[in-house]
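My request is simple: use the sequences and hints to build the entire structure.
As a plain string of letters, each chain reads:
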Amino acid sequence: MQHASSIEMNAVPETITTPSLRAKDYKSAISPVWCPGCGHFAVLSAVTKALAYLKLAKEEVALISGIGCSSRLPAYIEGYGFHGVHGRALALASGLKAARPDLTVLVAGGDGDGFSIGGNHFLHACRRNMDLTYIVMDNEVYGMTKGQASPTTQPDWAKSKLTPRGTGIRRFQPPAIALAAGASFIARGFSGDPSGLTKLLVDAIQHPGFSFLHVLSPCQTFRPEQKDWKHLVHPCRLGGPTDNPVEAARRIQADDGMALGLLYAQSLPVWQPLNRTSATIDEIELEFRI
Amino acid sequence: MNENSKAIETVPELLVHALELEHESAERYRQLAETMSVHHNVEVADLFTRLADMSDAHASEVTARAEGMMLPQIAPWDFKWSCPGSPESNCLDDHNVSYLMTPMQVLELALHNETRGRDFYAHVASSSPSPAVRAIAGEMAEEEGEHVDILKDWIAKESHSSTPAQEDLDPPNMPE
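Protein sequences appear in the order of chains V and D. For the first sequence, my numbering gives the first residue as 1, with consecutive numbering after it. For the second sequence, my numbering gives the first residue as 1, with consecutive numbering after it.
Treat the hints as calculated values from the structure; they're not laboratory data. Quick caveat, the model's predicted, so the values are computed rather than measured. Hints may be right or wrong, so weigh each one.
[Claimed, not checked] List time: in silico DSSO-like cross-link candidates among lysine-lysine, alpha-carbon distance up to 27 Å: (1) D/157 to V/24; (2) V/24 to V/230; (3) D/80 to V/27; (4) V/161 to V/146; (5) V/227 to V/159; (6) V/55 to V/146; (7) D/80 to D/6; (8) D/157 to V/55; (9) V/227 to D/157; (10) V/146 to V/159; (11) V/230 to D/157; (12) V/55 to V/27; (13) V/227 to V/161; (14) V/24 to V/55; (15) D/6 to V/230; (16) V/146 to V/227.
[Said to hold, decoys possible] Derived coverage of chain D by chain V (criterion: at least 3 residues anywhere in the stretch with Cβ under 8 Å from a Cβ of chain V; other residues may be distant): (17) 30-43; (18) 68-81; (19) 98-104.
Where is the CB? At the ideal position from N, CA and C, for every residue including glycine.
What follows is the structure, given as structure tokens:
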């Protein structure tokens, strides 16, 4: 295995020419089954706009997911997709990217899928720094299974029958953990800010390496109080994006969880597989011969 | 969030904004119609489809006006909206969008959106340095104002025969 050493940060084209495809061309014929008013609609829209802006052909894109409401995203996009196993979206996506480094691989999921059952994969995807874009639509609840506490739910949230007095457990802090695990791009968007979210997504896709985009995406069915998020979010108050992990750690620790924007971007070696066959099938079979 | 405070300076730029506004609106209404269909709220789905068709018709009018012009390409985040997204389709969560929505709530949502559209054009009409942009934006604000009046009349008529809000027989959170 080897690391790519030449990395160019965020080369957003200055001049925009006529796109070959419009955002709506990336939407599939399948109607979303999300609840009306769900924040995930804005994420779907942002993904299609980002793909159109970047002029990516449908066959150059793969969207991989796990299980949950947000993980239905691949069905709604025209392109390669894999609605995978719970918590294993990053493992699937890593395998795909290793085999097909030419593809733009997006990974989508929710806070339950990504930070609970998929938490281990999240840590190692961050440190491995493959060129993947991981979009986590965080609504602080398991929505598909009708409203249980997730790793990002407040410890005193008592609206689930499973945790009638709340979980009493401190919340998972996605950006802080991503930074500690070695992610090279960390940003937070909000589904109520579709323009800002699209820009972050374009930056995330263009970033060489593992990009973690934490999206606050309200669940208005099981967490109706999240409608107030539109009054609570704010641009990151502690200055522009930094490439200094110590400074980023300070900012993220001081963050109230509602700061939007690019929080950290660093040029780090990108993991890539060697571009050659290491063994033939016959050689591999020899290993297993009794 | 959206910090684009620059004025719209050219007619083609204004028309790109107008097209985006109508396309986004049509797409969002159509999406809501499909979702309401999935949730078996047929009456509301039909109404959202009608609203989507109206937005499509308005987009066609803008396209006709733009015939022969070279329209600029604008990145999604560079539109000069006064809110985080397109005025007639963003901030929908300000309203009670739910699978149990009534036709009256849909009309109120549409009124909210048309009012934002009218205010956007009125702002352009008062802030652009270009007389041509100010004139066209003024016309568009007037047209949107007519849509606002139509919706107000529609709401007044519907209020006498409106469908009552449905009771949710399986509410999502039932803490004991």
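* Numbers of unmet hints, in rising order -> 1, 6, 8, 9 and 11
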